[in-house]
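J.: For reference, the chains in residue letters:
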Amino acid sequence: MERKLLTLAVVCSVLAGLCAVPCAASDSATLTVKGTVGSACHLGDLSSSQIDVGQLSNNTDGTLAAISGTPGTTITGSWCNTGSKITVVASPLVALGFAGAPPSGFTKAVNYTASASGWGSAAVSDTTLGDSSGAESTSHSGSQTLNDPEANAITVNLAAFSTPSSGDRLVADGDYEGTITVTLATNAAGSP
Amino acid sequence: MLKSALAASAAVAAIAALSSPVYANNTSATITVNGTVGAQCSMDLTSQSVSIPDISDSNGRVNAAALAVNALSGGGDFWCNGANSKLTLNGTPFTNAGFTGTAPSGFTNVVNWSLSGTMGTTPIAYDTAHVGGTDQEYPVGIFDSNNPSGQLSADASSDRLIAGDYSATLTLTLTPGT
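Chains A and B are the protein sequences, given in the same order. Take any residue in the first sequence, count from 1 to its spot, add 43: that is its number in this note's numbering. Take any residue in the second sequence, count from 1 to its spot, add 1309: that is its number in this note's numbering.
Do not rely on the hints blindly, as some may be mistaken.
[Said to hold, decoys possible] Derived Cβ-Cβ restraints for the label pairs, each shown as a range: (1) B:1374 <-> A:140: 47 to 53 Å; (2) A:102 <-> B:1362: 39 to 45 Å; (3) A:209 <-> B:1355: 56 to 62 Å; (4) A:143 <-> B:1444: 25 to 31 Å; (5) B:1375 <-> A:112: 55 to 61 Å; (6) A:102 <-> B:1375: 37 to 43 Å; (7) B:1353 <-> A:208: 18 to 24 Å; (8) A:98 <-> B:1448: 21 to 27 Å; (9) A:92 <-> B:1423: 42 to 48 Å; (10) B:1423 <-> A:143: 32 to 38 Å; (11) A:92 <-> B:1358: 55 to 61 Å; (12) B:1458 <-> A:111: 36 to 42 Å.
Rather than coming from a laboratory, the hints here were simulated on the basis of the structure. Just so we're clear, the structure is a prediction, and the values are computed from it rather than from any experiment. Using N, Cα and C, we set each Cβ at its ideal position, and we do this for glycine too.
Chain B with its partners taken away, still in its complex shape:
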């Protein structure tokens, strides 16, 4: 009788244990997805020539109105995708390369110019009289600018221009940076 009672109590204990499963009934896994985007810049403008028929006025001096042009008028889309992108400008004055030697008093074969505009939301400027031939950097960051403006203006001078062909250059360089 005692043995039967022990066996019965053991069975009850076993049943009680089975009725409390220990499994977790919810499981999840998290997968990380990664990608990269490299820093890029691009401009539709690779080379452009702005032709100005006559940069002198009727008095033989600089025709400021004729030189008031958008130097970037042929440009399309300019953009950079990196926060630390920069634009570098480097320009040279209008020079009559066909004239050698020293200009007579009251004449010149050099016309300095200034440029002002905006690249994205960054104001840009360049002045050949002060920084001609040297790089000027502007932090342009992330921007996308269609047909940006770069307005030229000639420096005023009382000198008359020596006849000939004048040319100037403006180099724009976009450098990507994250």
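For reference, chain A alone in the conformation it holds in the complex:
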């Protein structure tokens, strides 16, 4: 009898032990989801891809006119999602229809300063350095770096028109032309 009781107690102990462990065992795992955002800049749309300065010479003595009120152009919808660098490179207005070098006292080039404002607190500017034949012997540009992301409109304006030598007369030509290139690039030194 005592033996039977002992056997029952052992069985109950075993059953009790089995009851402490669930019959259907659970499991868990943590899955990490990662993503990246690439550094990018986007230059938006130009309100106008052409700026017409109009008549460059005055009607009195043929020298450079006092040019003011030149219309600008705006680049809307530009952004960079990291630090950025904006660069402006301008080329002088040159008489396209005039071949060769102009006679002494004349010029086929008009210099100016192009500025881009709205990207960062300060405007970025570049001044052309054309000689009387329109050639530039020195490369030049204006640039500015921003450490933070930026999204803004950029306005491009022209000012400070000049001739290579003061008092130069401008050769007649119906098409003086120059270009301004604005570039936005990510700045590796800026914020990630």
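Got chain A; can you put chain B on it based on the hints?
T.: Frame of chain A, contents of chain B only:
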């Protein structure tokens, strides 16, 4: 177990795709700037009178030395900015307008003259004996000439000059052209 393996491989694929951004990180725009310069010409000289006290010599004939003057001596700055600019000359001989009728033999009331000079780098010439009263055109192009020279010389003649006031004209016209 199979379902877990599929889910894990899908996540790895998604992560691999995210690590290759497709953005361009450089953008630029080019703006064209245009202007024009119209063709112009100008001369500081609008009207000039060259006075020669006596165009006859002691024998009553043309005083060539007295007529050897710079007809453009009062001129300042002459210039054109167009490659196809031109200068037109038109002159008349010295004439004694106060004398009417026919000059007696051995006398005359007309003195022809020639002009030679340079406008910019273009040689110019005019001879009233041959082209008096008609236009002579010279392609002067782009030039800037301060105080250009237009030297007069009287045509030689054995005739004596009839007394009176003699006058001649020379008209210069600069026409711009690109």
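J.: Work down the list of hints and note, for each, if the structure agrees.
T.: Hint by hint, here is what the structure shows:
For residue 1374 (chain B) and residue 140 (chain A), the Cβ-Cβ distance of about 48 Å falls inside the hinted range of 47 to 53 Å, so the restraint holds. Roughly 40 Å separates the CB atoms of residue 102 (chain A) and residue 1362 (chain B), a value that falls within the hinted 39 to 45 Å. At about 27 Å, the beta-carbon gap between residue 209 (chain A) and residue 1355 (chain B) misses the expected band of 56 to 62 Å. Look at residue 143 (chain A) against residue 1444 (chain B): about 29 Å separates their beta carbons, and that is inside 25 to 31 Å.
Here the CB-CB span from residue 1375 (chain B) to residue 112 (chain A) is close to 57 Å, well matched to the stated 55 to 61 Å. Checked against the hint of 37 to 43 Å, the C-beta distance between residue 102 (chain A) and residue 1375 (chain B) comes to roughly 41 Å, which is consistent with it. One distance hint, 18 to 24 Å for the beta-carbon pair residue 1353 (chain B) and residue 208 (chain A), holds here, with the actual separation near 21 Å. For the pair residue 98 (chain A) and residue 1448 (chain B), the beta carbons lie near 25 Å from each other, so the given range of 21 to 27 Å is met.
Checked against the given bound of 42 to 48 Å, the beta carbons of residue 92 (chain A) and residue 1423 (chain B), roughly 58 Å apart, lie outside it. Distance hint check: the CB atoms of residue 1423 (chain B) and residue 143 (chain A) are about 34 Å apart, consistent with the given range 32 to 38 Å. The beta-carbon spacing between residue 92 (chain A) and residue 1358 (chain B), approximately 57 Å, falls within the hinted interval of 55 to 61 Å. Judged by the Cβ atoms, the range 36 to 42 Å given for residue 1458 (chain B) and residue 111 (chain A) holds: they are separated by roughly 40 Å.
In the structure shown, a violation is registered for the earlier hints numbered 3, 9, in ascending order.
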